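Letter by letter, the chains look like this.
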Amino acid sequence: MQKILVAAFFLAGCCFLVTPVSAQPIVSATVLDSAAYDTLLDEIVVTGTRSPKILKNSPVITKVFTENEIRKVDVTHIGELLQSELPGIEFIYSMNQQVSLNMQGFGGNSVLFLVDGERIAGETLDNIDYSRLNLDNVERIEIIKGAASSLYGSNAVGGVVNIITKTPVDPLHVNFNSRFASSNEQRHGGSISFNTGRLSSATNVQYASAGELKMKNEGVYSKVYGNRTLNVKERLQYNPGDNFKLTGRAGYFFRERDSQVSSKDRYRSFSGGAKGEYAFHEKSNLELAYSFDQYDKSSYLIEDRLDVRNYSNVQHGLKGLYNYSFDTNNTLTIGGDYLRDYLMSYQFKDNGNYLQYVADVFAQYDWTPVEKLNIIGGLRYDYFSDAGISHVSPKIGLMLKQGRFTFRGSYAGGFRAPTLKEMYMNFDMASVFMIYGNRDLKAESSHNFSLSGEYTKQYYNFLLTGYHNLVDNRITTVWNQELKGMQYTNIDKINITGIDVNASARFPCGIGARLSYTFTRENIQMGQPTLSQTRPHAATARIEYGKTWKNYSFNIALNGRALSKLTANEYTSLTSYEEVEEVTYPGYTIWKLSLMQTFRQGINLIVGIDNLFNYVPAYYYSNSPYTTGATFSAGISVDINKFF
Amino acid sequence: MKPVTLFTQLIMLGVILLSFPACNGILGNIYDEPFAEEKNEFGFIETDKANNSGTVYIDATSYTRWTYIDFHALIVDSLKITEDMREPENWDIAVHRYDAKTNGASVLETGFTGLSTLKTSGEIPKGDYISDEWTTNKIVVDMSGMMDGKLKYAESYYNRELSKWLFVDTSTMPPAYNPSNKVYVIKLKDNTVAAVRLRNFMDTSGIKGYMTIDYIYPFKI
Chain A
5 MQKILVAAFF LAGCCFLVTP VSAQPIVSAT VLDSAAYDTL LDEIVVTGTR
55 SPKILKNSPV ITKVFTENEI RKVDVTHIGE LLQSELPGIE FIYSMNQQVS
105 LNMQGFGGNS VLFLVDGERI AGETLDNIDY SRLNLDNVER IEIIKGAASS
155 LYGSNAVGGV VNIITKTPVD PLHVNFNSRF ASSNEQRHGG SISFNTGRLS
205 SATNVQYASA GELKMKNEGV YSKVYGNRTL NVKERLQYNP GDNFKLTGRA
255 GYFFRERDSQ VSSKDRYRSF SGGAKGEYAF HEKSNLELAY SFDQYDKSSY
305 LIEDRLDVRN YSNVQHGLKG LYNYSFDTNN TLTIGGDYLR DYLMSYQFKD
355 NGNYLQYVAD VFAQYDWTPV EKLNIIGGLR YDYFSDAGIS HVSPKIGLML
405 KQGRFTFRGS YAGGFRAPTL KEMYMNFDMA SVFMIYGNRD LKAESSHNFS
455 LSGEYTKQYY NFLLTGYHNL VDNRITTVWN QELKGMQYTN IDKINITGID
505 VNASARFPCG IGARLSYTFT RENIQMGQPT LSQTRPHAAT ARIEYGKTWK
555 NYSFNIALNG RALSKLTANE YTSLTSYEEV EEVTYPGYTI WKLSLMQTFR
605 QGINLIVGID NLFNYVPAYY YSNSPYTTGA TFSAGISVDI NKFF
Chain B
15 MKPVTLFTQL IMLGVILLSF PACNGILGNI YDEPFAEEKN EFGFIETDKA
65 NNSGTVYIDA TSYTRWTYID FHALIVDSLK ITEDMREPEN WDIAVHRYDA
115 KTNGASVLET GFTGLSTLKT SGEIPKGDYI SDEWTTNKIV VDMSGMMDGK
165 LKYAESYYNR ELSKWLFVDT STMPPAYNPS NKVYVIKLKD NTVAAVRLRN
215 FMDTSGIKGY MTIDYIYPFK I
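So the sequences go chain by chain: A and B.
Residue numbers for the first sequence follow our numbering, beginning at 5 and rising by one.
Residue numbers for the second sequence follow our numbering, beginning at 15 and rising by one.
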């Protein structure tokens, strides 16, 4: 049945691509509610160049999720959103049910996540706490694949995900929302924002919880821990003059997991920042920002009623960014960052702490010599005080427009500096083995080559991208016979090659469709400490239909996600990289049906069935979806101010 | 200056000032500190002679040691596991990590979850009291081969009834720790009776293997 549906969607996508173009004009109100999710080519984006640019004119391919699309997908976590729309992204459970990302061969520490351009402190098993990235109060999410260290420095090896917060527009906006799912999940939130012209404020609170979920079959985990999350954010903006803007922000995050009967895992963050933006004149502007982010982990011991902290990462950052446009065809961007990175961890000897400073400068030139051609070049220098590492990251890209075609090609350098954890770890892994840090680590580096062609015609968009990554000195734990334990070590070169295909269409009648496919080949030689764990084929599909009237609108959407099976070689021993066994992880397909209705432009009702065809893994591997079958959800969101 | 302007500037100032916290973090005082004195204090840390009860706190973190508890003399001793190790002359129960053995005693897991309720029941629970058994695959002394399926065991007596006080499910990583919270009645070889309950298996830092055992000895009707 699922195969038939996949085939049907593929055929539907193909039909959209070959159907003659209708001469009927687009009715804007309808188009806004149709499948305008992949062809938002007039959207302003900033992540690819660190200066505002219209999406269709960006030399860097950027995937954008708008607020409206995020609402329609109806998810709580950013991982669910990215997985449902982008093939080749997997959020899986690593040890102790810690969420771990694999984005086409790149792990969580090789994909840089930003909120309004700011880094996020803290990690567990090389991944940030994705629960911090709640999707309330988000204007859009920008995703670029491939290396971007020439603008963003360390960690931007496999891609960048930038979450852009919403700026209040209405004089007053008050929203309350709730969502319940049959898998014992709840989400409740509220926001109040105002804009008086000079002053604007947005306050957002969200609480989400999930009960313990027992799996139906055997597997790596027999249950998923229950958990609850609280996210509070405040953003205040003041414009003393037309060319000057001040922004202050503060945030608090709390998450608790019922991981053991006798103790609970707790995670907190405290964040804040201040930013000033000044436009000297139309041609240039300056941005200066300070940011603070603290991420703590603690264990709540139920018997002793003690909440004992065992991890704290505190980052203070200063940032300067200056853009100068000589004319409409020449833009210079220069900037620099300074970061103070403090880490206390239970994984250091005697719960010790370490400190390092990071400084960088960068420059980028964006040149449009003729209307059809855009060339961009950039260079960045990073310095890490504790490791004593310096790194230069270059980038050159060009975009050529020819009729309805747009071609892009780029070379970009990426790198990831060794973290304090990787340099100083001294951790007894349950008396099984020790894990040691390594002060002699080199930075991971990568060379990313990308070529793409895009075709856009009225209702259709077709994008084909091919890329190749040469990754050197990847940092991972390797058995050290001398130390009789694991140690962080640089490993030999690996290659990651892939193709992304995306076809989408939208029609004035309200029908839209998208089909995305990706092929990834991670080439790691036998004898390396880790072998490929990346599924070669993945696809996502979406078909939807929507209509808008004066006081009512609806959108019904079917989302699908298909992942191929993975046959991987795995070492039979922890201490030797000679003998392997072949392990096959099954492929799977999951579909989600959702219906969103809007009444009087202020009440949103959304109901959905996730895992529509009731897929249940026969065995729950770490990379299986931890589902027990179809789940039903219902949510309501009310904009109170629309009724007064 | 207009009140609105003053208000907005004060708010901005407040937000900016709040954004410049201490170098190594803020709000550290919301967390608890582990009890400092606990780290050095082991043995019979509380005794109530009037009620024949108390608390024993032991360091059972090592895989290569047995910790011996003597309820008669209120003494705790610890010995490294070797082939020619000689056990203490007098002891009642011994603990290795979460494994337990007895000195010729037999044990019953009761339905009571508190020593006081056992005491008020007014009788010594009846049932199948379980004696120790000789084992070759229970007492792990070296975990280092675990990932390759090669654990090293010491041959030893083992009391499977008393060891139920903490069930460690190793089918998941990290293991799931499930204390039974029940009271165990121990008929010692001199025909006296002890009752114990494992109150905690962690210290106040959350490190596992520090056992807090509440007891009644002698338990008389």
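Hints are computed from structural coordinates only; laboratory data are not their basis.
Note that the structure is predicted; figures quoted are calculated from it, not measured.
Among the clues, some could well be false.
[Unchecked claim] DSS-like mimics (lysine-lysine), calculated; alpha carbons at most 27 angstroms apart, straight line: (1) B:Lys94 to A:Lys268; (2) A:Lys353 to B:Lys94; (3) A:Lys488 to B:Lys94; (4) A:Lys488 to B:Lys152; (5) A:Lys218 to B:Lys94; (6) B:Lys63 to B:Lys166; (7) B:Lys166 to A:Lys488; (8) A:Lys227 to B:Lys196; (9) A:Lys268 to B:Lys203.
Hint-by-hint comparison with the structure:
At roughly 33 angstroms between alpha-carbon atoms, lysine 94 (chain B) and lysine 268 (chain A) are farther apart than 27 angstroms, so this suggested pair is violated. Under the criterion of a C-alpha separation no larger than 27 angstroms, the hint pairing lysine 353 (chain A) with lysine 94 (chain B) is consistent with the structure, at around 25 angstroms. A threshold of 27 angstroms between alpha carbons decides the hint, and for lysine 488 (chain A) with lysine 94 (chain B) the separation of about 22 angstroms falls inside it, so the pair holds. A threshold of 27 angstroms between alpha carbons decides the hint, and for lysine 488 (chain A) with lysine 152 (chain B) the separation of about 25 angstroms falls inside it, so the pair holds.
Our distance criterion of 27 angstroms between C-alpha atoms is broken by lysine 218 (chain A) and lysine 94 (chain B), whose separation comes to about 41 angstroms. Restraint check for lysine 63 (chain B) and lysine 166 (chain B): not satisfied, since their Cα atoms lie roughly 41 angstroms apart, outside the 27 angstroms limit. Simply put, lysine 166 (chain B) and lysine 488 (chain A) have alpha-carbon atoms about 16 angstroms apart, close enough for the 27 angstroms limit, and the pair holds. Taking the CA atoms of lysine 227 (chain A) and lysine 196 (chain B), the gap is about 25 angstroms. The hint holds against a cut of 27 angstroms.
Note on lysine 268 (chain A) and lysine 203 (chain B): the hinted pairing is violated, with a Cα-Cα distance of about 40 angstroms set against a maximum of 27 angstroms.
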